[in-house]
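Chemist: Chains A and B, in that order, are what the protein sequence lines are.
Quick note, the first sequence lines up with residues 1 to 380 if you use the working numbering.
Quick note, the second sequence lines up with residues 1 to 309 if you use the working numbering.
Since the hints were derived computationally from the structure, they do not count as laboratory data.
Quick caveat, the model's predicted, so the values are computed rather than measured.
Treat each hint with caution, since some may be false.
[Unchecked claim] Pair ranges (Cβ atoms, derived):
1) A:Val323 x B:Gly137: 54 to 60 Å
2) B:Leu169 x A:Val29: 41 to 47 Å
3) B:Val134 x A:Leu271: 35 to 41 Å
4) B:Arg109 x A:Met319: 35 to 41 Å
5) A:Ala245 x B:Val134: 49 to 55 Å
6) B:Gln120 x A:Val29: 37 to 43 Å
7) A:Ala242 x B:Met1: 29 to 35 Å
8) B:Tyr193 x A:Ala242: 34 to 40 Å
9) A:Ala242 x B:His201: 53 to 59 Å
10) B:Gly137 x A:Val29: 46 to 52 Å
Using N, Cα and C, we set each Cβ at its ideal position, and we do this for glycine too.
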Amino acid sequence: MNNWRRVIPVCRKEFLHIVRDSRSLAVVVLAPVVMLVLYGYAVTFDIRRIDLGVVDRDNSSASRTLIRRFAGSGYFDVFGGDNSIEKNIEALRVNRVRLVMVIPPGFAKGLSRNRDARVQVLADGSDANTASVALGYAGAIVAEFSRRVSLAAANARGFDTRNIPRVEAVPRIWYNPDLASTNFIVPGLIAIIMMLIAALLTSLTVVREKERGTFEQLIATPIKPLELMIGKIIPYIVIGMADVAIIVAVGILWFRVPFRGDVLTLFVFALLFIFCALGLGLFISSIAQSQQTAVIGTLLVTMLPSVLLSGFVFPIDSMPWVVRLCTYVVPARYFLTVLRSVFLKAGVSIMTLHQEFLFLLFFGMLFLAISARKFKKTLG
Amino acid sequence: MKTVVADKLTKKFGDFTAVDGVSFAVERGEIYGFLGANGAGKSTTIRMLCGLLEPTSGDAQLAGFSVTLNPDKVKKRLGYMSQRFSLYGSLTVAENLTFFAGVYGLGDRQIEARTAAVLQQVGLAGERNRVVSVLPGGVKQRVALAGAIIHEPEIVFLDEPTAGVDPLLRRRFWDIIDGLSKAGTTVFVTTHYMDEVEHCHRIALMDKGRIIKEGSVASLKSSTFPNPLLAIETDDIVRAYEVVSARQNEIGEIAMHGATLHVSPFIAAHLAEQVIDALLREHRIAHGPASLVPPSMEDVFVKLVEGSI
Numbered sequence: 001m002n003n004w005r006r007v008i009p010v011c012r013k014e015f016l017h018i019v020r021d022s023r024s025l026a027v028v029v030l031a032p033v034v035m036l037v038l039y040g041y042a043v044t045f046d047i048r049r050i051d052l053g054v055v056d057r058d059n060s061s062a063s064r065t066l067i068r069r070f071a072g073s074g075y076f077d078v079f080g081g082d083n084s085i086e087k088n089i090e091a092l093r094v095n096r097v098r099l100v101m102v103i104p105p106g107f108a109k110g111l112s113r114n115r116d117a118r119v120q121v122l123a124d125g126s127d128a129n130t131a132s133v134a135l136g137y138a139g140a141i142v143a144e145f146s147r148r149v150s151l152a153a154a155n156a157r158g159f160d161t162r163n164i165p166r167v168e169a170v171p172r173i174w175y176n177p178d179l180a181s182t183n184f185i186v187p188g189l190i191a192i193i194m195m196l197i198a199a200l201l202t203s204l205t206v207v208r209e210k211e212r213g214t215f216e217q218l219i220a221t222p223i224k225p226l227e228l229m230i231g232k233i234i235p236y237i238v239i240g241m242a243d244v245a246i247i248v249a250v251g252i253l254w255f256r257v258p259f260r261g262d263v264l265t266l267f268v269f270a271l272l273f274i275f276c277a278l279g280l281g282l283f284i285s286s287i288a289q290s291q292q293t294a295v296i297g298t299l300l301v302t303m304l305p306s307v308l309l310s311g312f313v314f315p316i317d318s319m320p321w322v323v324r325l326c327t328y329v330v331p332a333r334y335f336l337t338v339l340r341s342v343f344l345k346a347g348v349s350i351m352t353l354h355q356e357f358l359f360l361l362f363f364g365m366l367f368l369a370i371s372a373r374k375f376k377k378t379l380g
Numbered sequence: 001m002k003t004v005v006a007d008k009l010t011k012k013f014g015d016f017t018a019v020d021g022v023s024f025a026v027e028r029g030e031i032y033g034f035l036g037a038n039g040a041g042k043s044t045t046i047r048m049l050c051g052l053l054e055p056t057s058g059d060a061q062l063a064g065f066s067v068t069l070n071p072d073k074v075k076k077r078l079g080y081m082s083q084r085f086s087l088y089g090s091l092t093v094a095e096n097l098t099f100f101a102g103v104y105g106l107g108d109r110q111i112e113a114r115t116a117a118v119l120q121q122v123g124l125a126g127e128r129n130r131v132v133s134v135l136p137g138g139v140k141q142r143v144a145l146a147g148a149i150i151h152e153p154e155i156v157f158l159d160e161p162t163a164g165v166d167p168l169l170r171r172r173f174w175d176i177i178d179g180l181s182k183a184g185t186t187v188f189v190t191t192h193y194m195d196e197v198e199h200c201h202r203i204a205l206m207d208k209g210r211i212i213k214e215g216s217v218a219s220l221k222s223s224t225f226p227n228p229l230l231a232i233e234t235d236d237i238v239r240a241y242e243v244v245s246a247r248q249n250e251i252g253e254i255a256m257h258g259a260t261l262h263v264s265p266f267i268a269a270h271l272a273e274q275v276i277d278a279l280l281r282e283h284r285i286a287h288g289p290a291s292l293v294p295p296s297m298e299d300v301f302v303k304l305v306e307g308s309i
């Protein structure tokens, strides 16, 4: 038989601990803001101003036009170094440039004789992501150049090039028209930072009592593990929600991420997510033998999975099915989806995000239940 | 009425048997002391009685409920003050008491009344709003006691409650315990201060996980030493002890008690006195006249635990 009245003194006591320890409280409030500002600038997927080395062995009007197209695109900074292939390859090796374009001798002459011409593009594959993006840009620039060359050649042969049909994709990017990565990085970071902070908040609460000896006093009383866990979690829900409010405000006001969704939806999901993360922290605290173990355990369990398996960096759909299955137990995954939706899309609600709602609720309850179970009411 | 009945309580930690088949029964309102060296099994026994440790075998009934079958009913009826300091340092005296009262399920009005009452009882009414971490050790101990009795338990377990507290404050502490007992609370207390044992109605002497002797202070003394001891004061207790104990087969058991030789003679006291007097004269050790003294608890403890005084 649980006696819910006993939850209240536990809440009150935990709350007093928090208030009396003003230094930790300041850390808890400021850390998320500092982390968001720092990482918000560090993490960007926008690839621009790629350093490009050019070996122009043709040195013709056509080759210089092509180089100008690269320089003028905004995606490339042409490396004004040597024109020799050796120097450019050395530059690629020491990361001075990411891409080297080699225009062979006879490039212009070939084109004027209506023969296909080729330019070589060397990419630094050690950073595969940048390389593939850079190659994409380079391909598009060369294709556009090629189209103009073809048209000019057709013109020269007397074709009327005004009515040559072509197919063009007309992209309209919704929700984030500039594809600004800040707009989806910041919501993602909020999920990751809050996962870490919230789990850390509770990770010490039980193990601290074990270390200080108050645990022994506590288990001599008739309080039930579940009552204790709930009593311990409630004050931290308040703190966690305050943290979410602050960090979301920083995202909107500082990083200018648009907020188009509904505040109530965000509130409900933040509550669920914080509950879930606090429950995880509590579970770690119930099984840890020392405060150090609890902190290290929390870092391990929250940080890497939240960054790598939440869909923050790597799309979950591209993962092998086994790994994809693992992502289901990463609470940040659900909150990340929710945050990206409520920030950028209008009209999302708990109904449209019901899967995330149910999973967060389930894991929150599960963590709480297993912490209460693991919290043995006996010593030794 | 028996409030605590232990039946062959046993606790093993791996190969080590900390408590080995301990049985006893305690009356309501009795002060029952566990006396023994560190590691004798006193704390482990108390922890099993409070439901903090599960017995490997055996059971105990507290206020009519089995501690293994009904730990929750038992916990409501007992108060526990652990050997380690176990209050929340960042909370005030009153906040600590309010917390424990709440955890024991007391209502707000009751909490207010009980907090005032126990603070009065332990003589700390003026300290209620002080933060616990800055209080001196003796005061902390009394706050811990107040926490253990806030819910008016039938049985209170005090594990080394006076360890490290100065003698004057220990006296006060024992006055509080006497008061509890007079009000009908059963008090279990462990200690290794021999002088404190005199406050207990009954004591159990523990050694290596067993109760080796149990009874009132007077009965333990008289059953261990049927006759009074001979006490002889000397200027050189170490040499006197050497000289006399070399002949102990003829005289009786010898022990050093400060600067005094304690002898429990096999032979008639006046004969033993003559033999010792002669021995000390022979070795030119200055000494006073022999007198008869009642045995102290320390004599009893040493005799029972170490096999001789």
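Chemist: Each of the hints needs a verdict: does it hold here or not?
Modeler: Status of each hint after checking the structure:
Take valine 323 (chain A) and glycine 137 (chain B): their Cβ atoms lie about 56 Å apart, and the range 54 to 60 Å holds. Our hint of 41 to 47 Å for leucine 169 (chain B) and valine 29 (chain A) holds, since their Cβ atoms are close to 43 Å apart. The given range of 35 to 41 Å is respected by valine 134 (chain B) and leucine 271 (chain A), whose C-beta atoms sit roughly 38 Å from each other. Checked against the given bound of 35 to 41 Å, the beta carbons of arginine 109 (chain B) and methionine 319 (chain A), roughly 59 Å apart, lie outside it.
A beta carbon spacing of about 35 Å between alanine 245 (chain A) and valine 134 (chain B) contradicts the range 49 to 55 Å that was offered as a hint. About 41 Å separates the C-beta atoms of glutamine 120 (chain B) and valine 29 (chain A), a value consistent with the hinted range of 37 to 43 Å. Restraint check, alanine 242 (chain A) to methionine 1 (chain B): a C-beta distance of roughly 55 Å breaks the suggested window 29 to 35 Å. The beta-carbon spacing between tyrosine 193 (chain B) and alanine 242 (chain A), approximately 51 Å, falls outside the hinted interval of 34 to 40 Å.
The beta-carbon spacing between alanine 242 (chain A) and histidine 201 (chain B), approximately 56 Å, falls within the hinted interval of 53 to 59 Å. Under the hint 46 to 52 Å, the C-beta atoms of glycine 137 (chain B) and valine 29 (chain A), about 36 Å apart, miss the expected range.
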